[in-house]
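Asker: Listed below, chain by chain, are the residues.
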Amino acid sequence: MALTLQILLPFFGGFAALLAPRLAGLSERWTTIAVMALTLIVLLLAVVSGDDGRWLAFTRADWAPSFGIQVLLAMDGLSAALLAVSAGLGMICVFISWHVTHRSPLFHAAICWTVAASNGVFLSFDLLILAFFWELMIVPAFLLIALWGHGDREAAAIKFLVFNAVAGLGLLAAVFWMGATSDPITFDAFELARDERSHTAQVLLLLGFAVAFMVKLPVPPFHAWLPDAHTNAPTAGSILLAGLLLKTGAYGLFRFPPLLFPEGLVTLAPWGMALGAFGVVYGAVLACGQTDAKRLVAYTSVAHMSIVLMGVCGGVHFALMGAGVEMIAHAFSSSALFLLIGALQHRTGTRDLRELGGLQKTAPAFATSFALFFAAALAMPGTANFLGEALVITGMFQVNWVLAAIALVSLVVSVVYATRLIGGIVFGEPKPAVQGAHDLYRHELWPIAVLGLCTLLFGLFPQALISVLRPAVEAALTPLLFVQP
Amino acid sequence: MLAYLLLLVPMPSLGGFLLLALDPYRLDRRAVQAAGLAAGCAPLLVIGPLAALHLTGAIGDQVAPIFFINVGNFEVALAMGLDAVSAVAALTVAFVAACVMIYALDYMSYAGTPDLRRFFALMNLFVAGMLSMVLAADSITFFLGWELMGLCSFFLISYNMTSPRAFAAGQKAFLITRIADAALLAGLLLLFLEAGSVRLTELIPAGTVAEPVRGSIIAALLLIGALGKSAQVPFHTWLPTAMAGPTPVSALLHSATMVAAGAVLLARFAPVIEAYPVVAGATAVAGATTALFGAASAVAQTDVKRLLAYSSISQIGYMVAAVGVGAPAVAMAHFVVHAAFKSLLFMAAGVMSHAGGGSTTIDSLRGAARATPIAFICYAAGAASLAGLPFVTAGWWSKEAILASAVVSGPLGAAVWAVALAAAVLTGVYAFRPVLVAAATPATPRRRCREHPLASGPLIVLALLALAGGLAVAPMTTLMGGHPPHPAHWVEIVGAVAALAGLAGSVAVVFVPTLAARVRGARKLRAGLQFDARYYALLVRPYRRLVRRLSGREGAWVDRLGRPPDGATADPVGQATVALGLWLRRVVLTPFSPDRMDIAWMRGAAGIGRAAERGRNLQTGRVRDYALALAVGLAALLILGWGMTWR
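Chains as they are written, first to last, in the working numbering: chain A, 1 to 485; chain B, 1001 to 1647.
Just so you know, the hints here were simulated from the structure itself, not pulled from any lab data. Note that this is a predicted model, so its numbers are computed, not measured. Think of the CB as a built atom: it goes at the ideal place given N, C-alpha and C, for glycine as much as any other residue. Among the hints, erroneous ones may be present.
[Unchecked claim] One side only, chain A facing chain B, incomplete, derived with CB under 7 Å:
| no. | residue |
| --- | --- |
| 1 | Gly25 |
| 2 | Ser27 |
| 3 | Asp52 |
| 4 | Leu106 |
| 5 | His223 |
| 6 | Ala224 |
| 7 | Gly289 |
| 8 | Gly382 |
| 9 | Phe397 |
| 10 | Asn400 |
| 11 | Val412 |
| 12 | Gly423 |
[Said to hold, decoys possible] Pairwise CB distance ranges, derived in the manner of DEER restraints:
| no. | chain 1 | residue 1 | chain 2 | residue 2 | range |
| --- | --- | --- | --- | --- | --- |
| 13 | B | Ala1031 | A | Pro270 | 57 to 63 Å |
| 14 | B | Gly1015 | A | Gln435 | 50 to 56 Å |
| 15 | B | Gly1015 | A | Val166 | 51 to 57 Å |
| 16 | A | Trp271 | B | Ala1606 | 50 to 56 Å |
| 17 | B | Thr1478 | A | Ala405 | 40 to 46 Å |
| 18 | A | Ala405 | B | Leu1529 | 52 to 58 Å |
| 19 | A | Trp401 | B | Pro1049 | 33 to 39 Å |
Given the sequences, and given the hints that come with them, work out the whole structure.
Answerer: In structure tokens form, the structure reads like this:
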């Protein structure tokens, strides 16, 4: 029940936020916050009262038995961590969007629906339901970009939609194929994992899954939608994109290929790692050339998620653990950077690094926050980002030294783009645009503080995060451990 | 139980950093100074007694676990440890840090320096990072401290945030050291995979018995890490530009402690280096080359801070060479002595140049002996120690030990010794140049300036150490593992002669006009043999070109496909995907566009429409037409009726 609530609460919460102002005179903001808080509390209860075994919680119910469709939700530490991140970021999105007045109820409903759909992805093990949530996720995010974005927002929203919807077809086709060839018909991932499949079929099916996940991740050459979407999205949209949507891709790669296509994965993993290695360097180099602060951070996301891809394909304990940690760490650090840049854009009207500068004089708390997440973007030891990257690199040394060396290049290039970012915004004489920029407001300060604290706590005391991720990592290594309860 | 005090050592500085960075109490200037000073000096109060107890033999080696991380297949234990090397290094760092903090209290208040809070916060964070690095008993804590130092170094070099020059200097330092840090991280991770543990006491033995190629690579990676942080050739270019930071920063980070951390690293991992003769040889060669290169470049400098920066490069070269010839304890002894005299030189130079109006050129020091006699005398003591004047200075004892260790270590060692000896002569030449200039009488006589006791106190203490500290070199070396057997006495005599020859050379360079002109004209040498320009041409410019080629002209307006309008590519890979999609759309849609079924349907519909149009012609509205039709119809009916009834 608790798992179903993780999806239903934000889903209906979205309608509540949409209708509350008109019907009950309640504020849509506080409704959304209450919904997210409730979701978090339910999650906490589910985790606390969870089983000790492979899964913390598990729900199974028939939906359409004649087609073999079930509601099959399962939560382990990895899903729980991502669910917590999604509800938490949902709440933060409300606080930092206090200035949004245009069609505000729909805006907050879209936030809720994004959280609901991505929660669905993080929990579903019925592949048809997974594919449903996968497609559903695009809709509210599309709305957020198209209705509340900046600049050429329609074009960016359509680019986002086309890329992700087309890629979703790969997943859908693979799922249909697997369902149709199973006897009796079922979409239960655990059942399907037991089916015998030829090597070719495994590779083809895995390609279908991988395309969907890699576009969402995104890894070059499928990343073209991300910089545009991030640049033109409102701050909340950027945060949800970086914190949730990208993570669904990483989660999917982490979870399903080892379970469903272990042999296909063995064949394709080297290609995945090579693609990841290319993406790490490509994203980092392009980040160095951006003058738009949000675009810069978007390209760093490409680099960091490529590291996740390397880790996921690495197939050794360290690499997978690193990928898991990097997923969570990136959710905190990139969300915080988007939050800060969004807040800055709201004050100054620009994101252009050449028009910004000198923030340390006019807004010291702002500048200090930038410095903290500057360190996280650099993967400074002590931040969770370093832990993730170091673990992936350790794993890569076990697999292939060349790949490890390429991943290390990203540590070096990160200095160039991170100093460019902080140099353009914080250093220098205050530029005209920055004059009179108000320092962080309280409703911006506490989300930053929470994100910063999470980054440092998980970086300095990683035991909690590592224990939480461990069952998922072990299951990804030995799919036999993936047994259902 | 005593071991747990180790965990407390970096804590005051860390607390000071948090207090000053978050500033929950809105401290005023005085409170900021007090908090920064207290936090910066407190580690000395903890490590002082601990190190004293350890070095006197009252307590043995200590290890204090911090916490354990269970990574599934095994457990990682973070810990801090106290052994001879870490005790000496931590004591040095804490002591120099305390001296610099006291000095900074006066120095940084001169021109009403803005943002004192940031300065003290970062200095304290640095102290915490460096202390956790030297006290680390595992590679994770070690690397944490190591990187924290790099981060603080970046922020402190570009402390003057409005100056683009300072920012560029910080960026350069950060980037170059990060390249080396990436190598170090790789080395540490490989060692970890080799040993299956992060504890240094298990890593190092595992590193010495690794398979030769693998082991050499590990050792080489560690060496690169040390060379980068310690500004050794070919990574040295960041240090002279890093002098853009304030003087206390240069005195603490970029001479005495952080830059020399590479030597600490090498001394810690010395068994790994020595296990692979090729790497050990490379270490010795890199160190000796750097010692000579740094000293030669320092001779040609006209700015006292840059002179001291090249001097640091050169002196740390001695330490690295010492590790290379198999005498890590001697390297550590020189680390301690160098920390004392080099921070002293920087701080004394800072006082003198402040009194002279703020310029840091050597010429502007003229007359400083009259204006700031205490600082001048302290500077002279530091310079004597740097040059290694025989017997009376600490620098002589530690440098002699290095030269002696080189001589006895074989044929390569002899070459290293020769190079290091040449560097020692040059050291004398550049060390005394500022002293002689400062002692000279200026054209316009200068008045005596007031020297604040907060500034001169640390100077006097450090000056005494720089001279008398030589007594501690031998016992210190013995504690940290001893030095190689001593060679014949002629080595010491030659070393002493070298220092004195340097002094004579210095006099010549200052007072013989032709020589002075030659030094002034040595532009290439002054620019450090133009490594910077070469790196710019070979690395920076091609990289920038690559970035520009990939991401389009900076700030170019980007159209819907992410293309800048002038046709330059931006994100070619992403664009290729979009272009492929558009091409696919065209290919797939062309047969159906226009939609042929739709056309057929619409044609059918149009046919019906046309038929209806034609049918309208029947409706003429004329009675005779209708009558005709009626008649024809009636006739037709009649014929039909007649026909149907036909039999």
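Asker: For every hint, state whether the structure bears it out.
Answerer: Hint by hint, here is what the structure shows:
no. : hint                             : verdict
1   : Gly25                            : violated, 39 Å
2   : Ser27                            : violated, 31 Å
3   : Asp52                            : violated, 16 Å
4   : Leu106                           : violated, 26 Å
5   : His223                           : holds, 6 Å
6   : Ala224                           : holds, 3 Å
7   : Gly289                           : holds, 3 Å
8   : Gly382                           : holds, 6 Å
9   : Phe397                           : holds, 6 Å
10  : Asn400                           : violated, 13 Å
11  : Val412                           : holds, 5 Å
12  : Gly423                           : holds, 6 Å
13  : B/Ala1031 - A/Pro270: 57 to 63 Å : holds, 59 Å
14  : B/Gly1015 - A/Gln435: 50 to 56 Å : violated, 35 Å
15  : B/Gly1015 - A/Val166: 51 to 57 Å : holds, 54 Å
16  : A/Trp271 - B/Ala1606: 50 to 56 Å : holds, 54 Å
17  : B/Thr1478 - A/Ala405: 40 to 46 Å : holds, 41 Å
18  : A/Ala405 - B/Leu1529: 52 to 58 Å : violated, 29 Å
19  : A/Trp401 - B/Pro1049: 33 to 39 Å : violated, 46 Å
Hint compliance for this structure: hints 1, 2, 3, 4, 10, 14, 18, 19 are not met, and every other hint is.
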